[in-house]
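S.K.: Once you've looked at the hints, dock chains B and C against the given chain A.
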Amino acid sequence: MLSEQDLQTIVSDITDNYKNEELFQRNSGYPMPNRDQIIHIIMGLRQIMFPGYFDEEQLEHTVPEYFLGHNLMRIHDTLRSQVYFALLRHSSKEEKARTLQRADDICTQFFQSLCDIQNLLLKDVDAAFNGDPAAKTKEEIIFCYPGLFAIFVYRIAHRFYQLKVPFLPRIMSEYAHDHTGIDINPGATIGEYFFIDHGTGVVIGETTIIGNNVKIYQGVTLGALSTRSGQLLRDVKRHPTIEDDVTIYSSASILGGETVIGKGSVIGGNAFITESVPAGTRVIAKNPDLTFTERGEGNDLFD
Amino acid sequence: MLSEQDLQTIVSDITDNYKNEELFQRNSGYPMPNRDQIIHIIMGLRQIMFPGYFDEEQLEHTVPEYFLGHNLMRIHDTLRSQVYFALLRHSSKEEKARTLQRADDICTQFFQSLCDIQNLLLKDVDAAFNGDPAAKTKEEIIFCYPGLFAIFVYRIAHRFYQLKVPFLPRIMSEYAHDHTGIDINPGATIGEYFFIDHGTGVVIGETTIIGNNVKIYQGVTLGALSTRSGQLLRDVKRHPTIEDDVTIYSSASILGGETVIGKGSVIGGNAFITESVPAGTRVIAKNPDLTFTERGEGNDLFD
Amino acid sequence: MLSEQDLQTIVSDITDNYKNEELFQRNSGYPMPNRDQIIHIIMGLRQIMFPGYFDEEQLEHTVPEYFLGHNLMRIHDTLRSQVYFALLRHSSKEEKARTLQRADDICTQFFQSLCDIQNLLLKDVDAAFNGDPAAKTKEEIIFCYPGLFAIFVYRIAHRFYQLKVPFLPRIMSEYAHDHTGIDINPGATIGEYFFIDHGTGVVIGETTIIGNNVKIYQGVTLGALSTRSGQLLRDVKRHPTIEDDVTIYSSASILGGETVIGKGSVIGGNAFITESVPAGTRVIAKNPDLTFTERGEGNDLFD
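Residue numbers (the numbering used here), protein chains in the order written: chain A, 1 to 303; chain B, 1 to 303; chain C, 1 to 303.
Since the hints were made in silico from the structure, they are not lab data.
Remember, it's a predicted structure, so these values are computed and weren't measured experimentally.
It is possible that part of the hints are untrue.
Identical copies look the same in the list; a pair holds intra-copy or inter-copy alike.
[What the hints assert, rightly or not] With a cut-off of at most 25 Å between alpha-carbon atoms, the simulated BS3-like pairs for lysine-lysine come out as follows: (1) K19 / K237; (2) K96 / K138; (3) K164 / K19; (4) K19 / K263; (5) K237 / K138.
The following block holds chain A by itself, in its conformation from the complex (with noise of 0.2 Å):
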């Protein structure tokens, strides 16, 4: 067993560290925001989003105004405690008083969007069933389509962005990043009619642009050219700009902020793009060359 002296010794080895580090210290006083809380707000907005769906209750039993105004009220609550947390661990002294006003402000302007980023979301699933041939049903996308979740949250978590909320918008994307491996950052701007299919390992950076109607596969990054200046970079539009009707196929890259893929055009599979595409162009990477051999003649890179 672990001796008490052993214990003893972690304990203030370890206590040394929690005093000396500024990341630990500076808390005190106001609680931070809670992951599982801001989880909770996603979860319960999915809900007023996609009605019937993911409810324990059967909604036909209910009046919908009596639903929506429970479910809206409860969200409320949890989500002004958690954005006044998360305002207050970046409010100077003198910003401290007026917090919480910021805080409702906030909350009220958020719920004010709710019915367009609805909108918004149907329009989405529109584009999900029409561009993918093995979706059965639209419910379908609602119940369990990745793409569907990614965009969901990005859509909540980009208004939060909007409204200048600390921490919130990024534990949100962060949320859906880890359910569906589509990296979305809530800075990034996107249109109408988005449809992203199978969705693992997308990469959609901040300060990228999207119009209406653009529809992307698995494995596509809309990135940077170099990071090297790391936070210099800050505000920066580092990510290009995509114009609307354009496809993205799997595993393009398209870098740099000055980098425009002009309206209608296509991008082939693996295609690696630096530079503007002019509206109406189908970019299409050469295959590396490909060399067939017989197994068994000798060569160890693939075998």
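M.R.: Structure of chains B and C alone, referenced to chain A:
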């Protein structure tokens, strides 16, 4: 705080969406399948398939027949209602009367396949152990290899796909996709001794056919050439055929419904293949030419 | 409903599998390690490593020594039994008597490493903040960056790998793989200030060696050349060595046990490398040639 008037406007706007949107309306009277229940079914089946690995209790303190009988009946009841609800939502008025009988028939046929599915899974465990030098024991593979988990869920979901149950197969396969990054459409046909190593980013499309003793690495896509025609392509063979004894290394893409990878072939990493390959061929993608420069020379593409 | 006779046949067939399959038999008498308990250990250790970020309670209302002492002892008891069970299953008859003593020694050694692991993790947080212009604060990194979570779990799992505990390291690393899409084998050796950005699809093999201040993007594989020989390759160095201050951009593959990427090199996106690279080199994969055509011209490859 959110004012009463604001709340009323929000509730009223979203309620209008509820009333106008077909996706939220046609539910009435029939419960929806429940995603959580379907996940419980998967987890219960995993305990049956791999006794002693995922149970709370120790198996040696019980009689196998009791353990099995009890667990099967418990799963059966949940499964029966979920299959019933799923069928109901896709039944015409005339069919509804026979739906419970159909659900019962499906459950019986499914349970009658369980022993065969278990035998297949034991072969998949062998394939993983023989194929991966990092595997310490077969038990480790059962405990935590994501490839085996994805294949287990696929073999279950595929059976429900064959039995023409709506919703369940895809909800199951997306649960595995969430946890493993491996996206196997339940419609795919996959033989014995199948092994997926690492697995993140693997996509196996609905009409793919895979033979026996096939090994696949992370990032491999077995996909369609184009999905531009959307729902018009439903039920067309859009994905490739992989014959027996084929190995496909990481991030290779094999596309198209008429593409056949012949028996015993090896496909190298990053290969991009849209045409058939004869049996016994080793296909290596010529690596893209590499440029070597000293760092510090001007180039901001990657730095 | 499933008839009694059908049920009996199914139960009897699967019971035969239970009796005939070694994997389900040799468990008897000794409990298996429990995956849920092992995940509890990880989560408990995360609360200790990052106090105030993942706790229910507010830390300032307690004395750090009490918080730590209490949590350490709680984790210790769970860990001790899991290590004991894991060792038991791999002990010869003669070793079994000494197994509890071995488990105690391992637990003591593990806890004695905790303070060092915490110091490493604080450096990893710095590396992430300095390397990512999208990072708003270091707190955000602790809260939700998947790269940091994967590295945290790796540093814990690697310690148990060093201490030769069966099962636990891989169960831990696959838990992180599940949540992040980042697959770091617990056997890999990784230095200080390690950062993985986005991360989905990253694979770092068992015998990889990584120096200090290395930065890796999504989709990077540090892998083996061929695994055809399966279990015969166990304990052979099959994966590359990455020296200090190297950056590896997205979807690059570096393969082979003798491949060394020299200090300070930069590997561009999509590069495919199977031979060593001298220190201070920038390696850029020539992009595949792109074909630009107007859409509508005949081609169904990507459309």
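S.K.: If the cutoff is 25 Å on CA atoms, where do K96 and K138 land: within, between, both or neither? Let me know, please.
M.R.: between (46 Å within a copy, 21 Å between copies)
S.K.: My question is about K164 and K19: at a cut-off of 25 Å on alpha-carbon distance, are they close within one copy, between copies, both, or neither?
M.R.: neither (31 Å within a copy, 33 Å between copies)
S.K.: Up to 25 Å between alpha-carbons, please classify K237 paired with K138: within, between, both or neither.
M.R.: between (36 Å within a copy, 22 Å between copies)
S.K.: One pair to classify: K19 and K263, alpha carbons no more than 25 Å apart. Within, between, both, or neither?
M.R.: Intra 55 Å, inter 35 Å, cutoff 25 Å: neither.
S.K.: When no copy is named, should K19 and K237 be tagged within, between, both, or neither for a Cα gap of at most 25 Å?
M.R.: neither (38 Å within a copy, 41 Å between copies)
In summary, the structure is inconsistent with hints 1, 3 and 4 from the numbered list given earlier, while agreeing with the others.
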